[in-house]
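Participant: Given next are the chains, with one letter for each unit.
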Amino acid sequence: MPPGRAGPEPGIAVLMRDDPETNSAAVLRPADLATRIAAGDAMAEVELVRRYSTKIEFILRRRCRDASMAADLRQETFIVVLQRLRERGIDDPERLAAFIYQTAINLAIGEARTYHRRNTHPDWDVIASAADQQPLLSDQIEQEERAELIRNTLKALRQPRDRQILRRFYLTEEPKESICAALEVSAEHFDRVIFRARARFRKLLEKHVEL
Amino acid sequence: MNQHDDQRQQERIQRYLLSAGESADSERLEIEMLDDDELFAQVQIDDMIREGLVTTKIESTAGSIWGMLGVPTRWPLQAVIGLFTLAVVAMGIRMHTLTQQIDRLSGPQVQVPVITLMEQRALADSAQPAAADLQQAILEVDVSAYMTQSFDVTLQDSAGSNTWHGLKADQRGYLTVFVPALHEDVELQVSSADGSFNKTYRLN
Numbered sequence: 001m002p003p004g005r006a007g008p009e010p011g012i013a014v015l016m017r018d019d020p021e022t023n024s025a026a027v028l029r030p031a032d033l034a035t036r037i038a039a040g041d042a043m044a045e046v047e048l049v050r051r052y053s054t055k056i057e058f059i060l061r062r063r064c065r066d067a068s069m070a071a072d073l074r075q076e077t078f079i080v081v082l083q084r085l086r087e088r089g090i091d092d093p094e095r096l097a098a099f100i101y102q103t104a105i106n107l108a109i110g111e112a113r114t115y116h117r118r119n120t121h122p123d124w125d126v127i128a129s130a131a132d133q134q135p136l137l138s139d140q141i142e143q144e145e146r147a148e149l150i151r152n153t154l155k156a157l158r159q160p161r162d163r164q165i166l167r168r169f170y171l172t173e174e175p176k177e178s179i180c181a182a183l184e185v186s187a188e189h190f191d192r193v194i195f196r197a198r199a200r201f202r203k204l205l206e207k208h209v210e211l
Numbered sequence: 001m002n003q004h005d006d007q008r009q010q011e012r013i014q015r016y017l018l019s020a021g022e023s024a025d026s027e028r029l030e031i032e033m034l035d036d037d038e039l040f041a042q043v044q045i046d047d048m049i050r051e052g053l054v055t056t057k058i059e060s061t062a063g064s065i066w067g068m069l070g071v072p073t074r075w076p077l078q079a080v081i082g083l084f085t086l087a088v089v090a091m092g093i094r095m096h097t098l099t100q101q102i103d104r105l106s107g108p109q110v111q112v113p114v115i116t117l118m119e120q121r122a123l124a125d126s127a128q129p130a131a132a133d134l135q136q137a138i139l140e141v142d143v144s145a146y147m148t149q150s151f152d153v154t155l156q157d158s159a160g161s162n163t164w165h166g167l168k169a170d171q172r173g174y175l176t177v178f179v180p181a182l183h184e185d186v187e188l189q190v191s192s193a194d195g196s197f198n199k200t201y202r203l204n
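Going down the list, the sequences are from chains S and C. First residue of the first sequence? That's 1 in the numbering used here, and the numbers climb one at a time after it. First residue of the second sequence? That's 1 in the numbering used here, and the numbers climb one at a time after it.
Check before you lean on any hint, since a few could be wrong.
[To be verified] Here chain S is said to cover these stretches of chain C; the calculated rule only asks that three of the stretch's residues, wherever they fall, bring their Cβ under 8 angstroms from a Cβ of chain S:
1. 9-16
2. 22-34
3. 45-52
[Unchecked claim] Calculated from the model, a selection of chain S residues having no Cβ within reach of chain C, i.e. all distances over 10 angstroms:
4. Thr35
5. Ala42
6. Gln83
7. Glu87
8. Glu111
9. Ala156
10. Arg158
11. Pro160
12. Arg161
13. Ser178
14. Cys180
15. Ala181
16. Ala182
17. Leu183
18. Val185
19. Ser186
In case anyone wonders, no lab produced these hints; they're calculated from the structure. We put the CB at the ideal spot given by N, CA and C, even for glycine.
Using the sequences and the hints given, assemble the complete structure.
Facilitator: Take a look at the structure:
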C-alpha cells in the first residue's frame with residue numbers, strides 16, 4: 001500500500017458479502033469499479049487486476065513477443081492504472097478497459113522505462129497475487145500437450161480436404177471464399193468444419209484447463 | 001449471436017491473430033476483449049489452434065519423406081542411398097589419384113629410364129631387357145642406318161595400342177616414345193613408309 005493512502009475499509013467488504021447481487025466486485029460494471037477504486041476500495045482493486053490482468057498480458061505478449069517482458073509491462077500497467085484511479089480517477093470511467101489498454105500500449109511502445117520495471121514496488125503485491133490466479137490458457141498447458149490436442153482435433157476431421165480447410169483458414173490470410181473455391185466446398189461446409197474443429201479443440205482443452 | 005455474426009466474429013479473430021487486418025480493427029477487438037470473457041476465450045483458443053497447426057505442420061514436413069514410406073520400402077531405399085554414398089566416395093578417391101598422376105606427369109621428372117631398342121635386338125633375334133619393374137620409360141629406336149625420312153610406330157600392350165604415323169628420327173637417328181605407364185609385354189612395331197624397315201621389339 002502506498003504511503004498516505006487509506007487502507008481497505010472493512011465495512012465495504014462486509015457490504016459486498018451481504019449483497020452479492022448488487023455490490024460484489026465480481027459483477028461491478030467497469031465504471032463502478034473505477035469509482036470504488038477512487039474511493040479506496042481494495043477489493044475493487046483486486047477485482048480490476050483479476051478481470052483485466054490476463055487479457056492485458058495476452059495483448060502485450062502479442063505486441064512484444066517476449067513473455068517475461070510482457071509480464072513486466074503488465075505489472076507496470078496496473079501500477080500506473082491503479083495509481084491514476086486512486087489519485088485522480090479517469091475522465092470517462094465507462095471506458096475503463098480502453099484506458100487500461102491504452103496505458104499498456106503506451107508502456108509497450110515506450111519500453112525504455114526499464115527503471116520502473118526493474119524496481120518492483122513491495123506495496124503492489126495486489127497485482128502479482130491477483131494475476132497469478134489466472135495465467136494465460138497457453139501457459140496452463142505444455143506445448144507438447146497443445147500439439148497433441150491439435151493432432152487429436154485433426155484426427156477427428158477424417159477428410160483430408162477438411163484438414164486443408166482448417167490449415168488454410170488458420171495459417172493463411174486467404175479469404176473464406178477463395179478457400180471454398182479452391183477446395184470446391186460450400187460456405188456451409190466450410191463453416192461446419194471450422195465450427196466442429198473449434199468445438200472439439202475446446203472440449204479437449206477443457207479436460208486440461210478451466211475455461 | 002446468430003450464425004452470421006459468429007462467422008464474422010471468427011473471421012475478425014483470424015485477421016487479428018494473423019495480424020492481417022487494419023490496426024484500428026485490432027485495437028477495437030483487443031479493447032472489446034477486455035470486457036468480454038467469452039471473446040477472450042475464443043481468441044485464446046483460436047490462437048492455440050493456430051499455433052498447434054504450425055507445430056504439427058513443421059512436424060509433418062520434417063517427417064513427410066520417411067513418413068510416407070512404409071518400413072518395407074524404407075530399408076531398400078536406405079541401402080541404395082548407402083551404396084550411392086560409397087560409390088561417390090570411391091569416385092572421389094579415384095579422381096584424387098588421377099589428379100595426382102596428371103600432376104606428376106605434367107611436371108618435370110628426373111631419373112626416367114631410357115630403353116634403347118637396337119636393331120639387332122629386334123624380335124627376330126631376342127626380347128629386350130625386362131621392363132616389368134618400370135612404371136614409365138622412354139623407348140628409343142635406332143633407325144640411323146636408314147635413309148627413310150618417315151616411320152610409323154605402333155605401341156601395343158595390355159592396355160591397348162597406339163599408332164603414330166610419319167615420325168621423323170632425331171639428329172642422332174633415333175625415334176623416341178615416352179610411355180607413362182609401362183605394362184608388361186610391351187610390343188613396339190616400327191616400319192618405314194617405303195617398307196625398307198619393319199621391326200618388332202618386345203619388352204617383358
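Participant: Does each hint hold? Answer for all of them.
Facilitator: Hints, verified against the model:
no.: 1; hint: 9-16; verdict: holds (count 4)
no.: 2; hint: 22-34; verdict: holds (count 5)
no.: 3; hint: 45-52; verdict: holds (count 8)
no.: 4; hint: Thr35; verdict: holds (16 angstroms)
no.: 5; hint: Ala42; verdict: holds (21 angstroms)
no.: 6; hint: Gln83; verdict: holds (19 angstroms)
no.: 7; hint: Glu87; verdict: holds (22 angstroms)
no.: 8; hint: Glu111; verdict: holds (18 angstroms)
no.: 9; hint: Ala156; verdict: holds (13 angstroms)
no.: 10; hint: Arg158; verdict: holds (16 angstroms)
no.: 11; hint: Pro160; verdict: holds (12 angstroms)
no.: 12; hint: Arg161; verdict: holds (16 angstroms)
no.: 13; hint: Ser178; verdict: holds (13 angstroms)
no.: 14; hint: Cys180; verdict: holds (12 angstroms)
no.: 15; hint: Ala181; verdict: holds (16 angstroms)
no.: 16; hint: Ala182; verdict: holds (17 angstroms)
no.: 17; hint: Leu183; verdict: holds (16 angstroms)
no.: 18; hint: Val185; verdict: holds (15 angstroms)
no.: 19; hint: Ser186; verdict: holds (13 angstroms)
In the structure shown, no violation is registered for any of the earlier numbered hints.
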